[in-house]
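Chains A and B supply the protein sequences, listed in that same order.
When you number the first sequence by the working numbering, it's gap-free, plus one each residue, and the end is 317.
When you number the second sequence by the working numbering, it's gap-free, plus one each residue, and the end is 922.
These aren't lab readings, by the way, just hints derived from the structure by calculation.
Fair warning: there could be bad hints in the mix.
Quick partial rundown of chain B residues pointing at chain A, CB under 7 Å, derived from the structure [unchecked claim]: (1) Ser550; (2) Glu607; (3) Glu620; (4) Lys791; (5) Thr795; (6) Lys801; (7) Gly831; (8) Gly834; (9) Ser838.
Below 25 Å or equal to it, Euclidean Cα-Cα: the simulated BS3-like pairs (lysine-lysine) are [said to hold, decoys possible]: (10) Lys72(A) x Lys460(B); (11) Lys43(A) x Lys780(B); (12) Lys43(A) x Lys55(A); (13) Lys460(B) x Lys55(A); (14) Lys425(B) x Lys460(B); (15) Lys741(B) x Lys779(B); (16) Lys801(B) x Lys55(A); (17) Lys43(A) x Lys507(B); (18) Lys791(B) x Lys779(B); (19) Lys780(B) x Lys741(B); (20) Lys43(A) x Lys791(B); (21) Lys801(B) x Lys43(A); (22) Lys650(B) x Lys617(B); (23) Lys617(B) x Lys644(B); (24) Lys813(B) x Lys43(A); (25) Lys844(B) x Lys43(A).
We put the beta carbon where it would ideally sit given N, CA and C, even for glycine.
The primary structure of each chain is shown beneath.
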Amino acid sequence: MDVLKYAIRKLIGGIPLVLGVTFVSFVLMVYFGPDLTFEMLGKNATPEQIAEVRKELGYDRPFLARYAEYLKELATLDFGLSDSSGEPVSAMLSRSIPISLALVTPGFILGNLLGVLLALVAAYHRSGWIDKAIMGFSVVGMSISFLIVIIAFQILLSSSYGLNLFPVRGWNVHSFYDYVMYVTVPTLASVFVALGYNTRFYRAVIVEEMTRDHVRTARAFGIRPGKLLYKHILKNSAIPIITRIMFSIPLVIVSGSLLIESYFGIPGVGKVTFDAITSGDQPVLKAVVGLTAVLFVVTLLVTDILYRAVDPRVSLK
Amino acid sequence: MPPSLRLLLLVSTFLTLAGCGEEQQAVAASDDAVSPEIKLFRSSMDGAPSTIDPVQASNVYANAVVLNAYDTLYRFKYLARPYEVTPNLANGMPEISADGLVYRIRIKQGVHFIDDPAFEGGIGREVVAEDFVYSIKRQFDTKQRPRGAWLWQGRIVGLDAWKDAGSNYDEPVEGLRALDRHTIEFRLVKPYPQLVYTLAQGYAAIVPREAVETYGREFGSRPVGSGPFKVISYDSARIVYEKNLKFRQEPVDIWAEGYDPDTQAHTGVEAIHERSPPFIDRLEINFISENAARWNSFTKGNEIQYLSVPNEQYDNILASKDPIVAKPEISEKYHMRHSVESGFVFTSFNMDFPTIGYNDDPEQERRNKALRCAIIKAFDWARRNESFYFGLGRVFPGIITPAVPEFDADLSEDSITLDIDGAKKLLADNGWNEDNIPEIVYGTTAGVIQRMFFEQFRGFMKKIDYPSDKVVLKQYATFGDFVKDTSNSRLPIIGKGWTLDYPDAENTLQLFYGPNGSPGSNDANYKNPEYDRLYEQSAVMLPSPERTEIYRRMNQMVIDDCVVISGLSRTRIYLWHKDVIAMPDREIVSGFFLRFVDLVDGKNS
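Could you build the full structure based on these sequences and the hints that come with them?
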């Protein structure tokens, strides 16, 4: 019951956050974002035609009226039709978000799981050659551009110049086998890069935990390394790890991974969002920004509940 | 089963199902496609259309996809070069009155739209003349967000007035009528020799009113046409069509299509002679803007079968640049074709800027002209070509491109010849020096290549002692923002490319016609009364030596007035797999070529 009350309070408390995010982003969209008018005009447009298109796009309406409409759309989850394709925004998102989710989830899970594992190993062997090797690998993963990693993996694993094992591009998924074929190379590329950042971050957290008195005491009692790492170090490092993972989720769900989707020809939400940004497709942008803000509020709530689950000292007030 | 394994299986199933989602239709299509009984052609484009509504088919990508789902009255011949128009849904070329003001076009009978729930009983009805009238009227209805009205604006009697009166589709337009179910009549305000070309554009594709009214703006992603293919799925990565089984049976006469055995025999197109297109069961057009991914997919062997080769691969595929010859290993695996694009790239001076263009003070205006001429002389086209176009571009003087019949191969090349000394002398003779020379802002969209264009331009200017800090770059995040500033005449120097809408030099000459000034396409804001008079005179003339002569005089005026640094037409190289029978073209023929594509042995490899 306490958790439910807390959740309701937290969700209500999140409303100003959503309003703030949507307001600022809407100001940016309206006053600093791309103007679709000139892309929608034919050649040799007259000033009258420019005015007609602006009216059709709703650019001539007062800012506050447009913002109020945006809030109504967010509340009803009906964002209207895309200014570019004319397709319902909800249809575009409901088609592309599951694809992005299916695409990035394995890499997200593996990147974090392996990151934690490697961080534990590196921290345990701090300053030894194993630690240095893992950190060296991490730096490599962080230093190489994601774009280069994608192209290299694509050539190495998918193209006729390499092993030619997987499709270069596409998303014809209707069986688990297809899914594995299409998701493997993107996953490997994203894990390669994510491992660098994740491992370094998690190692820093774990190393700090390892210097605590209770760990020294546990060691003095002769606790086995596995138990020490899992029970006394990892569990106590859970809060920053959970924070990092949880706050990545909204972006993973809504933004997808533009580079991966573009290079592997996958029709996910990252590409939809990128196209909307470059073309100034405000209905799509409004939906993506609004949903991301709402997801962040939900994430904040879930994160707090998880804190409580891993650390009983945390109280939900 | 251990709980962890059960969880893993559950997550995998969820992700697989999530990934299938709305793609189910396309998935099924692709499954069939791998069957040896199905003929599948996987094409590619280096960009994606934002919509497939003909009313908004404003770029090469949208035009190409629209032309495969919809019918147009005319199309361009598959094989003829220079390009020629031929009837498509029209029953023949138009009957034109002696004064050139009345066009009468009969359309083929018994042609049907694809089946769609928008029709009564879900069965596609016959395409009639009224459908064409409706489709053109849509371009004059602001609610449809049209982009192609410029083709017919001020040309057809009563059409502009119809729009001004509120675009009521039940109201007739005097100059655009269906005389009966299969006859269309145009009444023109003045002769319009390019009219037939406009009827081969995606903008003029024929749509059924009931589908537009049923789907509203969603019509842009739910095409209902009578073209050779019907769309079965469409997203940001690709469009998938299947053969329209209702498409009319019209055997191809390759000789009438302009077949030239000397240059085209290697394509194998003789195999389609006297057969009715489309020949493939399924067509996929993949939108791949990333060059590396497009190339990897093409060379893989079992993915895309055709591509326009990215510039950075030219070195890997060519044994010789002049003449253009493929390396043996490339010729062995692929068909290759190269052609000079129909459009061109150029850089305009905006004459609205008193520092570089027109000026109230005649003396200053004379000096400004000298400044522009000096900049043109300093522009090193050979280096531009070598640096960015692998030395394969065709550099030519003026604005009449090599792709049109009015091109003058004997025109003096002074305006494209590097002359540093001449440029410096011109500056000195007209009192320009480092202190008084004006700052010029070079506008372009954001991007690495665009930045390199600018840096090279600044380098050229440095050679005539133009201070580097006075050649300034202004980059725009999006093309729309760039167009916004050019449309509002806010940029003194504008680098851009132009793709020809039809093979007539009028299409580029209008870029410098005074009344088309900003926000129109004359973003140089060139205003020359004599040029405008000649443009208006030639605009109503049919192709003739006299018209060509006028075009060339206008071209010379633009060169003499130093209004533009021009130009270069890029050479495009196309590769396609050996098992594909095709003569690809992304220029004027555009999407029309796909209906003629076939596969060797009649099966998908």
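Comparing the hints with the structure gives:
1. Ser550: Where the cut-off is 7 Å and the nearest Cβ of chain A is about 10 Å from Ser550(B), the hint is violated.
2. Glu607: 5 Å, holds
3. Glu620: Result: holds, 6 Å to nearest chain A Cβ.
4. Lys791: At about 16 Å, which exceeds the 7 Å cut-off, the nearest Cβ of chain A leaves the hint on Lys791(B) violated.
5. Thr795: This interface hint holds because 4 Å falls under the 7 Å limit.
6. Lys801: 5 Å, holds
7. Gly831: 12 Å, violated
8. Gly834: 9 Å, violated
9. Ser838: 5 Å, holds
10. Lys72(A) x Lys460(B): Judged against 25 Å, a Cα distance of about 23 Å means the pair holds.
11. Lys43(A) x Lys780(B): Outside the cut-off at roughly 36 Å; violated.
12. Lys43(A) x Lys55(A): 18 Å, holds
13. Lys460(B) x Lys55(A): With a Cα-Cα distance of about 10 Å, the restraint between Lys460(B) and Lys55(A) holds, given a limit of 25 Å.
14. Lys425(B) x Lys460(B): 30 Å, violated
15. Lys741(B) x Lys779(B): 11 Å, holds
16. Lys801(B) x Lys55(A): 16 Å, holds
17. Lys43(A) x Lys507(B): 20 Å, holds
18. Lys791(B) x Lys779(B): 18 Å, holds
19. Lys780(B) x Lys741(B): 9 Å, holds
20. Lys43(A) x Lys791(B): 23 Å, holds
21. Lys801(B) x Lys43(A): Holds. Lys801(B) to Lys43(A) sits at ~13 Å (cutoff 25 Å).
22. Lys650(B) x Lys617(B): 12 Å, holds
23. Lys617(B) x Lys644(B): At roughly 18 Å apart (the allowed maximum being 25 Å), Lys644(B) and Lys617(B) satisfy the hint.
24. Lys813(B) x Lys43(A): 14 Å, holds
25. Lys844(B) x Lys43(A): 18 Å, holds
Of the hints listed earlier, those the structure fails to meet are numbers 1, 4, 7, 8, 11, 14, in rising order.
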